[in-house]
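Trainee: These are the residues of each chain, in order.
Number of protein chains: 2
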Amino acid sequence: MTDKAIPDIIVGRLPMYLRSLQRMAREGRQVTSSQEIGERLRISAAQIRKDLSQFGEFGKQGTGYNIPYLTGEIQKILHVDHDWDMVVVGAGELGTAVARYKGFTNRGFKVKMVFDSDPDKIGLQVGEFVVQDSAQMVETIQVAGIKIAMVAVPAPQAQEVANQLVKAGIRAILNYAPISLNVPSNVSVQQIDPSIHLQRMTYYIK
Amino acid sequence: MTDKAIPDIIVGRLPMYLRSLQRMAREGRQVTSSQEIGERLRISAAQIRKDLSQFGEFGKQGTGYNIPYLTGEIQKILHVDHDWDMVVVGAGELGTAVARYKGFTNRGFKVKMVFDSDPDKIGLQVGEFVVQDSAQMVETIQVAGIKIAMVAVPAPQAQEVANQLVKAGIRAILNYAPISLNVPSNVSVQQIDPSIHLQRMTYYIK
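Protein chains in written order, with the working numbering: chain G, 1 to 206; chain H, 1 to 206.
Keep in mind the hints are simulated off the structure, nothing from the lab. There is no bait here: all hints are sound.
Calculated cross-link-like contacts (lysine-lysine; reagent style DSBU-like; alpha-carbon spacing at most 35 Å):
#1 G/K50 / H/K50
#2 H/K102 / H/K112
#3 G/K121 / H/K102
#4 G/K112 / H/K102
#5 H/K76 / H/K112
Input sequences plus hints: build the corresponding full structure.
Mentor: Right, dumping it as structure tokens:
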């Protein structure tokens with residue numbers, strides 16, 4: 001399996017397939033089809049079969065996909081067959097909400113630390129976390145070996161925070177700030193950009 | 001142009017092309033190519049040309065795309081050549097952060113109202129908004145003719161809020177709650193799901 005050859009656009013659809021499968025499992029379902037996943041996601045069944053075929057053979061012609069099996073296989077492909085520890089940078093309203101977010105359960109992620117540079121926030125309790133001083137952030141992340149960070153600081157500070165996270169060995173940054181971050185090519189960045197989602201919907205409002 | 005025939009997966013890429021073009025414009029650029037957009041987004045140039053060709057002819061062979069022109073055309077296709085008013089439901093940490101979010105400027109959206117059902121929150125000032133009582137939400141939204149809502153309430157309340165928004169005439173819901181919403185087929189829902197973005201990045205961490 002040559003991971004390098006698989007386009008990122010295909011990798012990017014796997015989490016959506018995984019979410020659909022996990023929903024079906026919660027509904028008590030055991031078997032599904034590319035048709036059904038496709039209808040739920042408004043993607044063609046052919047596209048789903050083609051995407052999955054890049055990674056292996058997961059279903060039998062005519063019998064569909066076993067939901068627990070395919071779920072486990074996609075979790076392995078995406079490296080979320082175990083939980084990743086994460087840090088949140090920024091203990092403002094957004095960072096606090098992100099640190100307390102209930103949606104990471106069973107998705108492969110767990111917030112472990114929250115950092116801020118504001119002396120008024122350092123030491124405060126945020127959910128189950130005490131806000132730590134971001135002056136020690138690089139060393140603390142390195143010691144803990146954490147590889148994933150969520151950035152919820154104001155836009156003007158986001159690039160400097162990203163630079164520090166890269167220095168700390170972070171390999172994936174989920175950026176909530178409305179600014180594009182520059183990082184080395186061995187670090188991934190995804191942006192939470194509500195406008196992207198909204199524009200996809202306004203297309204359908206006549 | 002038969003909009004119905006265009007797959008949602010293609011519609012979903014247009015906002016990303018638009019964001020790239022707007023970034024290039026801010027960098028002072030006038031002309032770009034499908035190759036360059038593709039490199040920025042990790043999508044093939046052929047895919048971008050194929051996607052855009054679904055909507056018309058926007059560039060000349062060999063001379064690339066005029067950035068202001070293509071920006072304007074995609075804004076028209078996505079119906080964001082004007083600003084849409086929006087409501088935010090939920091004035092907790094997340095709703096407050098969403099209502100104050102600075103990233104909607106020049107993207108086609110403007111928050112106009114914030115609602116909550118909590119008597120302790122109603123009447124509070126959130127940025128430039130006073131939190132309104134969600135008991136009057138349906139009527140208030142109908143009178144204002146607002147079509148887009150962002151839902152930032154706890155998961156157990158999100159479906160009931162969505163039901164009310166549908167009754168109010170909302171046509172597009174951006175859901176921040178970690179739960180899947182059921183709405184009629186003439187209403188669009190998109191979910192802000194950080195796990196989807198994170199899983200796309202963990203694929204690349206060996």
